[in-house]
Each structure stands twice: as structure tokens, then as C-alpha cells.
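Student: So you can see what is in the structure, the chains are spelled out below.
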Amino acid sequence: MTDVKELEKKAKEIRRSILEMVAKAGSGHPGGSLSATDIVTTLYFNEMNLDPKNPGWEDRDRFVLSKGHAAPVLYAALAEKEYFPKDELQTLRRLDSHLQGHPDMKKTSGVDMTTGSLGQGISAAVGMALAGKLDQKDYRVFTMLGDGEIEEGQVWEAAMSAVHYNLDNLIGFVDYNQVQLVGKTKDVMDVHPVVEKFEAFGWYVIEIDGHNISEILDALEEANKVEGQPIMIVANTVKGKGVSFMEGTAAWHGKAPDAEQLKEALGELA
Amino acid sequence: MSEKIATRDAYGEALLELGKENENIVVFDADVGSSTRVKNFAAEFPERFFQMGIAEQNMVGTAAGMATAGKVPFVSTFAVFGSSRVADQIRNSIAYPNLNVKIAVTHAGITVGEDGATHQAIEDIGIMRSIPNMTVIVPGDAVEAKAVVEAAVDYDGPVYMRFTRGGVPVVFDEEDYEFKWGKVMPIKEGSDLTIFATGVMVGEALDAANRLAEEGIDVEVVNVHTIKPIDVEGVVASAKKTGAVVTAEEHNIYGGLGSAVAEALGENYPVPMKRVGIKDTFGRSGGPEELMDYFEISAKHIISAVKEVLDKK
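Taken in order, these protein sequences are the chains called A and B. Position one of the first sequence corresponds to residue 1 (full-length UniProt numbering), numbered consecutively onward. Position one of the second sequence corresponds to residue 1 (full-length UniProt numbering), numbered consecutively onward.
In case anyone wonders, no lab produced these hints; they're calculated from the structure. Model, not experiment: these values are computed from the prediction. Here a beta-carbon is modelled for each residue, glycine too, at the ideal position from N, C-alpha and C. A couple of the hints might just be wrong.
[What the hints assert, rightly or not] Between beta-carbon pairs, the in silico distance windows are:
#1 B:TYR269 - A:ASN166: 35 to 45 Å
#2 B:LYS180 - A:GLU222: 51 to 61 Å
#3 A:GLN136 - B:LYS180: 51 to 61 Å
#4 B:ILE54 - A:GLN136: 27 to 37 Å
#5 B:THR118 - A:SER97: 37 to 47 Å
#6 B:ASP31 - A:ASP138: 30 to 40 Å
Taking the hints into account, I'd like the entire structure generated from these sequences.
Tutor: Set out below in C-alpha cells:
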């Protein structure tokens with residue numbers, strides 16, 4: 001029996017870590033990290049089969065953060081999982097740090113794929129899932145896309161190939177927070193309708209509230225039963241979720257809070 | 001003239017043979033497998049062959065994901081689609097994480113022929129050479145091509161290999177050919193000038209050298225199969241011996257072998273030199289040999305370049 005309250009508590013911890021590390025770094029992407037937090041938390045603390053003491057374990061489940069700029073949420077989860085000491089989060093983006101501005105699999109323990117150039121992570125996830133099928137392994141591959149990211153053509157190339165190869169060991173998420181760097185996704189380049197697009201490509205699509213842990217858990221349970229096709233969980237989310245002044249605004253896509261703003265934000269997440 | 005074999009044929013054969021020995025080799029195709037010659041591997045090992053459709057960016061990224069799981073992916077397509085079209089995917093998903101993906105491209109350079117400029121990669125070596133962690137190899141004939149594929153499998157890391165569509169004279173003897181990773185290969189001794197040549201131009205350079213010998217000009221011919229990392233020591237050693245250099249490649253004079261040799265010599269041992277290559281222009285339709293003449297990279301143009309440099313020596 002999953003303790004939803006525990007996961008919610010963990011998500012709050014991770015949100016606090018995101019804000020603290022981005023504030024300390026003086027740059028980074030809080031908005032898209034906070035919108036993805038509840039999903040990433042549920043994956044790392046309830047769903048994925050991992051061994052932090054053996055990060056390269058070949059039977060582990062994989063997670064590819066295709067929207068690589070949300071690195072802070074991934075780093076916070078990995079630190080909570082004890083892949084590396086939590087105090088190292090404070091070194092984010094520093095020259096002497098293993099925590100790069102975007103995920104680097106060769107520098108950070110627990111990062112399964114180097115990402116950052118949008119649209120590429122999902123292809124790597126397809127490759128990992130194909131390798132799992134080829135080797136008859138049971139591991140699953142999870143990937144998370146931004147809604148702005150799916151404007152990249154490569155995403156749809158990957159979407160076609162995942163269906164062509166019947167990759168039911170591939171579970172994707174679209175962090176549908178409706179805001180990208182310069183403004184609302186519908187104004188920049190409308191990606192709507194996302195559910196129907198993935199369905200048309202042949203994916204098994206589940207639509208949820210990406211901040212409702214129970215819905216995330218139910219979606220994963222449903223996804224795990226699907227056979228013969230990849231699964232896309234379209235998660236309706238709020239950019240900057242959890243910090244009132246960051247919510248729903250493009251201004252906090254790639255900006256660090258100052259000391260005063262950090263204090264206020266952490267106050268809301270107490 | 002010796003027997004001609006397209007290096008893509010040698011690639012296809014080598015891949016099939018290596019596939020029998022190494023179960024980790026997987027091959028990706030973007031709807032050109034009959035032309036790139038990976039169809040033989042596909043027929044023998046269908047479970048390790050992945051048709052990705054006309055979607056090269058995803059093919060490159062998928063190969064990267066496969067490499068993270070311990071596979072040795074070969075990404076096969078035409079040189080234009082396996083370099084400039086996917087430069088960012090190669091850069092960020094393969095080279096930056098230093099994943100063990102082999103990018104094996106065919107139909108490189110203007111000798112693609114009739115398909116014309118859109119299908120004639122003349123900048124791929126330059127693009128690949130400027131990406132960190134990437135090794136760039138251009139075999140000079142079918143014998144060398146086979147050896148290159150084998151060496152690439154033994155090497156852990158990204159490799160860009162460039163093969164031809166058309167027949168290339170076989171210049172090496174299969175019995176005693178030895179591929180030395182990252183080393184230039186002197187194939188004809190000489191004292192007046194060194195021709196550094198790569199790919200299809202190795203045969204042209206030998207032809208030029210033989211014709212120059214009839215005029216009493218004694219040139220050294222050095223095969224440069226590995227353009228990155230360039231063998232600085234080997235390049236400088238030959239330049240010290242002859243004091244003059246011509247480079248020959250089926251690629252833009254910017255960014256390829258000529259640039260690599262000029263960089264090595266410029267920093268270590270400057271000598272008079274000239275680059276024979278495509279003079280910063282796009283290709284066009286025509287027969288391969290006609291195009292070599294049209295773009296002034298055939299043996300007779302190497303001979304003119306040699307004489308021009310010798311005048312400055």
C-alpha cells in the first residue's frame with residue numbers, strides 16, 4: 001500500500017531543494033522543475049526499480065529527462081535517493097561541481113542519459129527500451145518531455161519508432177504546464193491537442209493531473225498493464241507549482257529567486 | 001589500373017563478418033540499407049538490425065540509447081544525412097557522453113556522381129573533426145575499409161567512418177595490410193615533396209606520383225586514413241624529410257585533411273604547401289570521373305599542385 005502522504009512530503013522536500021540549489025547557483029530553471037516534481041518524486045520513491053549503490057546495474061529501470069533543463073528536480077531526487085550527498089546540491093552549476101546545468105551521465109551518479117538539447121532524450125529512451133527487448137530484460141524506461149519540447153520534430157520521429165517496435169517497456173510523460181521560455185505554449189507554437197496527437201501515432205495515452213500523486217500512481221499501474229504499445233501519460237501541470245508567485249508564468253522558466261524570494265517561496269513550502 | 005571496389009561494399013562485408021563474432025553489434029538503417037550495404041547484415045541478423053525509416057535524428061539518438069545498454073551500434077546512412085543533418089544529435093547524444101556508437105556513412109564526396117550537390121557531402125569531415133571525442137577515419141580502399149571497421153569495433157568510443165559509393169582502386173595487399181590506429185601510413189618513399197592523401201585520393205595520389213617519377217620528380221605518398229586525431233608526429237616527420245607538402249582529399253579544402261595537415265605543420269614545421277580539394281563550392285551532377293576533373297581534384301591536378309609547390313620550395 002503506497003503512502004500518498006509520504007510521497008507528498010517527499011515532493012515538498014524536493015521542491016525546497018530545487019529552490020535552494022537554483023537560488024544558490026544564481027541561475028537555472030525552477031518553473032519546469034517544479035511542474036515535474038510530483039511525477040519525478042513518484043517515479044524515484046515508489047515506482048522505479050533502482051539500486052543507488054550500483055548506479056550502472058544493468059537490470060535497473062531507466063529515467064531519461066528529455067526536458068534536460070529541469071535538471072534540478074532530477075538532482076534533488078537523486079540526492080534524496082543517496083546517489084550522492086545532499087549538500088552537493090549546493091554546488092549546482094559551479095566549475096568544480098559534478099552537477100552540470102543540464103544532466104550529464106558521465107559526471108553525475110544516477111543520471112541515465114545526457115540531455116539538454118530538446119527532442120533528443122526520447123530517442124535515447126527508445127534505444128534503451130529496444131535494447132531491453134533485444135536482451136529480453138524486464139526493465140522499463142521512463143522519460144519526461146516538456147510540452148514546449150514536443151515542438152521538436154525529432155520527438156515525432158521517436159514517437160513513430162516506439163510504436164513501430166511495440167515498446168510497451170517505454171513509459172513517457174508530457175509535463176503539460178502550458179508555458180515555455182518566451183510565453184504560453186499556445187501562443188509560441190500551439191501543441192494542442194497533445195493526447196490526440198500521441199494517440200494518432202499509436203501510443204496508449206493516459207491523461208492525468210500531474211500534481212495529484214494518486215492519479216500518477218493509478219496511471220503508472222494502468223501503464224504497467226499495457227502490452228504491445230508505448231505509453232504516454234499526458235500530465236496537466238502548473239509551471240512553478242508550489243510557489244504562488246512562480247505559478248503559471250514564463251518569467252520563472254529560467255530565472256533564480258533572490259534571497260528574499262527564496263525565503264518567501266520556502267515559507268509557502270514549509 | 002588495378003581492380004576497383006567501392007569501399008561501401010567492403011564495409012558491408014566487414015560488418016557481416018564482425019556481426020558473427022560480436023553479438024553486441026547492432027545496425028541502424030534509415031531506408032538506404034541496400035545502398036549502404038548493411039542489407040547483408042540485416043538478412044543474417046534480423047533481430048539485431050533496426051530499420052528506423054527516413055528519420056535520421058531519431059536513429060542517431062536511438063543508437064545512443066542502445067550504447068548506454070552495452071551495445072555497439074552502427075548507424076548507417078549517406079554521408080550528408082549522417083553528418084550535417086544530425087550534427088546536433090551526434091554532438092549531444094553521442095560525442096558529449098562519449099558513447100560507443102559508430103557512424104558509418106557511404107556515398108561521401110562528389111564521386112556520388114549523378115545525384116548532385118544535395119547528396120554530395122563535402123563538409124562532413126570538417127563538421128565531425130570539430131566535435132570533441134570524435135574520431136574521423138576515411139579508408140583509402142576496400143582492404144583498408146575492412147580493417148577500419150574491425151578497428152572501430154575494438155575501440156571504445158564514437159567513430160565517424162566515411163565510405164564511397166563508387167569503385168576505388170585496390171592499392172593495399174590484403175595479406176600484409178596492417179591498420180595502425182591514428183598513424184599515417186607512408187606508401188611510397190620520396191624525397192622532393194610529400195603528398196598526404198585520404199580516401200579515394202590515395203589512388204589518385206599514387207597515380208600522380210608515378211607520372212611525376214617519369215619526369216624525374218620524386219614524391220612521397222602518405223596515406224592519412226585517420227584525420228582525427230591527426231598524427232602530428234607522422235605528418236611532421238615526412239614534411240621534414242621532403243620540405244614540401246600537397247594534400248589531396250575529396251572534401252572541401254576547409255575543415256578536412258588539408259586543414260588538419262596545415263594545422264599540424266603550422267604549429268610545428270611550416271613548409272610550402274597546397275591543398276587539393278573542393279574549393280569551397282557545392283558539387284553538381286555528372287559522372288564521378290568527370291566531376292573529379294571538373295572540380296580539379298584528379299591526378300593531373302595533384303601533379304599541377306606538386307609543381308606549383310616545388311617552385312616555392
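Student: If a hint holds in the structure, say so; if it does not, say that too.
Tutor: Outcome of the hint check:
A C-beta distance of roughly 59 Å is found between TYR269 of chain B and ASN166 of chain A, which places it outside the suggested range of 35 to 45 Å. Between LYS180 of chain B and GLU222 of chain A the Cβ separation comes to about 57 Å, which falls inside the hinted range of 51 to 61 Å. The supplied range of 51 to 61 Å is broken by GLN136 of chain A and LYS180 of chain B, whose beta-carbon atoms lie about 39 Å from each other. For the pair ILE54 of chain B and GLN136 of chain A, the supplied restraint of 27 to 37 Å holds, since their beta-carbon distance comes to about 29 Å.
Distance hint for THR118 of chain B and SER97 of chain A: a CB-CB separation of about 44 Å, consistent with the stated range 37 to 47 Å. Separation of ASP31 of chain B from ASP138 of chain A is about 32 Å and conforms to the stated range, judged on CB atoms against 30 to 40 Å.
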